[in-house]
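J.: Heads up: the sequence lines are chains A and B, in that order.
Numbers in our numbering are just positions in the first sequence, counted from 1, shifted up by 1260.
Numbers in our numbering are just positions in the second sequence, counted from 1, shifted up by 1260.
Some hints here could point you the wrong way.
Sample of chain B residues at the chain A side, in silico, Cβ under 10 angstroms [what the hints assert, rightly or not]:
no. : residue
1   : P1326
2   : G1493
3   : T1522
4   : Q1526
5   : L1534
6   : M1541
7   : Y1563
8   : K1565
9   : F1595
Listing some non-contacts, in silico: residues in chain B with all C-beta distances to chain A over 10 angstroms [claimed, not checked]:
no. : residue
10  : S1266
11  : T1289
12  : V1332
13  : A1384
14  : G1447
15  : A1515
It should be emphasised that the hints constitute simulated quantities derived from the structure, not laboratory data.
Glycine is no exception: its CB is placed at the ideal position from the N, C-alpha and C atoms.
2 protein chains.
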Amino acid sequence: MSSPLSNRQVRLAKRPEGAATRDNWQFTTEPVAEPAEGGVLVKTLSLSLDPAMRGWMNEGKSYIAPVEIGAVMRAGGVGRVAASRNPAFAVGDTVYGTLGVQEYALVPQEEIKRNGLAKIDLRAGTIGQWLNVLGMPGMTGYFGLMDVGQPKPGETVVVSGAAGAVGQTVGQLAKIKGCRVVGIAGGAAKCDWVVKELGFDACIDYKAGPSAVREGLKAHCPKGVDIYFDNVGGDILDTVLAKLARGARIIICGAISQYNNTTPVQGPKNYLSLLVNRARMQGIVVFDYADRYGEAVAELSGYLKDGRMKSREDVVEGIDTFPEALTRLFTGENFGKLVLKVSD
Amino acid sequence: MSSPLSNRQVRLAKRPEGAATRDNWQFTTEPVAEPAEGGVLVKTLSLSLDPAMRGWMNEGKSYIAPVEIGAVMRAGGVGRVAASRNPAFAVGDTVYGTLGVQEYALVPQEEIKRNGLAKIDLRAGTIGQWLNVLGMPGMTGYFGLMDVGQPKPGETVVVSGAAGAVGQTVGQLAKIKGCRVVGIAGGAAKCDWVVKELGFDACIDYKAGPSAVREGLKAHCPKGVDIYFDNVGGDILDTVLAKLARGARIIICGAISQYNNTTPVQGPKNYLSLLVNRARMQGIVVFDYADRYGEAVAELSGYLKDGRMKSREDVVEGIDTFPEALTRLFTGENFGKLVLKVSD
């Protein structure tokens, strides 16, 4: 590096109760340090904004440690190597890793050894696609659908958050695998896009009225639901439970309707449908499949290239907009995978 | 048959709201008819009283059709062939089938063809055992634990309703398979019996206080719960969900705490523990395993004979006591498999 660079950062100032606001964040600017032996300095290009981030802001054990108060907010993203003291990375390499919400990330050797930084090939997909279908959302959708859901041709697959990052991958992949696919999304524009652009068989607008999901499932899933990929929880999960087919599989990927709750999570009161229908409900955490990302990326990038799969990103620019950008996920304002562009 | 016999019957008079009472039943006495060609007349010896009966009294689709108003209440039981026009059955044979709550059951040929009547061998077990470990509860426990739970030696298995019919089979079988087994039951007497007689590693008395289950799981499941066999639902299910080990399996067999509800079923608000722990929750209906009952009976009767497994029945006598006998299941008064003895 030729001159000292400044690093704008977003840190967790206090844990939210309910929805996160700008008050939960603190902005800092620090000089960029040199990487230590074996480490790499990465310039952040684009960050992935995900519903799971809300969970990381809470205290208490989950599948991953919470972000500490005062720490830079955790975020996965794509960056460019700006300085390297690690022979596996050269200046200019494009990489994916847990960069954090900051302009520059120092990735130490230990983190690189834990597979915390990976070179990515922009010939396989754009930066946006690497944060979407080829990134964590895509991996989540791929392994959740294929490993947990085990779709068979002709089965009916329902996916909530259908226009979101995970939902687009799940629905398009299920179509490629020969399933009937019904999405659930908020608003006519998203539903139109899911059907017309992504090729889902139908999409239910859950905002269309209190019985929209129930009536939509009745209309579009005449043989019941074989696989439900759940990103939202709450009432929608309960409504789908009431429509399960014999031997159904429910993939629990998230519950975005519940993450800002200040009251206990809403339990699925129709869970005994699992008994009546000999069905199962199973959770997935994408990190468990890290050693198989390569096979999924190869398959999905093939679909992107031959046009059988599309990918849509909703790009917000500027690190200072992070607090409001994150909020868009929970109000459903984002349309497609939400990406925070930090730098070119 | 030499002379006309009278048949005392218990019929469903009206569907219950909440707990069933004597008002829900109607007693009738009819002359016994001769079996038609291909049919069999069975004299009821003992009937199985099961939590699932409460569900059969409700209107609406479940895994089995509801009992119609005015119909003889459905019940499985052991009887003796009193008259036969079917070459597969001789007078005096001991049989298991859906006899109903009545002194005599006419089983038509169609029902026999659907495997609705099976000869049983009293050398493999007593009548009580054929309604318990070798009967539907035992089959439910066997296939639920082995097929859905897939226990591995050293794993921790928790079973609710531990002193009940399904629970005794599950816990003892899990011990035989090399697991650590923790029961949950109501009252010190049942817990003592489960540990001292059945050999469970521990048993938690859920009636001992509001935090008894939570504290008991903490004390007895230091590595978390690998398999939870759930017969009760409600708060206990939620408390176990909070203690799951990575990769846990929950077998949903029933939810006796919820069957008398006049409000919606209590959904498990801790279900996102399935996500955090990559765990699954799956329902089981025993009838799906009908073609494999033989293998389970052979294995379990071996354990009964060599003393590795015990079986306890709580026998109530007289068909007229049926309404109150059934109620004992829901108050937890029964101690062991509840059997209604109708005749010698």
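J.: For each hint, tell me whether it holds in the structure or not.
T.: Evaluated hints:
Look at B/P1326: its Cβ only gets to about 13 angstroms from chain A, farther than 10 angstroms, so that hint breaks. Nearest Cβ of chain A to the Cβ of B/G1493: about 8 angstroms, under the 10 angstroms cut. The hint holds. At about 14 angstroms, the closest approach between the beta carbon of B/T1522 and any beta carbon in chain A exceeds 10 angstroms, and the interface hint on this residue is violated. With 10 angstroms as the threshold, the beta carbon of B/Q1526 comes within range of chain A, its nearest partner Cβ sitting at about 7 angstroms, so the hint holds.
A hinted interface residue such as B/L1534 counts as satisfied when its beta carbon comes closer than 10 angstroms to some beta carbon of chain A; here the least separation is about 4 angstroms, so the hint holds. The beta carbon of B/M1541 is positioned within 10 angstroms of a beta carbon in chain A (closest approach about 5 angstroms), and the interface hint is therefore held. Here the hint on B/Y1563 is broken, as its CB sits about 26 angstroms from the closest CB of chain A, past 10 angstroms. Hint status for B/K1565: violated, given a least beta-carbon distance of 32 angstroms to chain A, over 10 angstroms.
At its closest, the beta carbon of B/F1595 sits 25 angstroms from a beta carbon of chain A; the interface hint therefore is violated under the 10 angstroms criterion. Against the 10 angstroms criterion, B/S1266 stays outside the reach of chain A, whose nearest CB is about 38 angstroms from its own CB. B/T1289, annotated as away from the interface, keeps every beta carbon of chain A farther than 10 angstroms; the closest lies near 35 angstroms. Distance to chain A confirms B/V1332 as a non-interface residue, since its nearest Cβ pair spans about 24 angstroms, more than 10 angstroms.
Taking the minimum C-beta to C-beta distance to chain A, about 28 angstroms, the non-interface status of B/A1384 holds against the 10 angstroms cut. Every beta carbon of chain A lies more than 10 angstroms from that of B/G1447, the smallest distance being close to 26 angstroms; the non-interface claim holds. The beta carbon of B/A1515 sits about 6 angstroms from the closest Cβ of chain A, which is not more than 10 angstroms, so the claim that it is off the interface is violated.
The structure fails to meet hints 1, 3, 7, 8, 9 and 15 from the earlier list, while all remaining hints are met.
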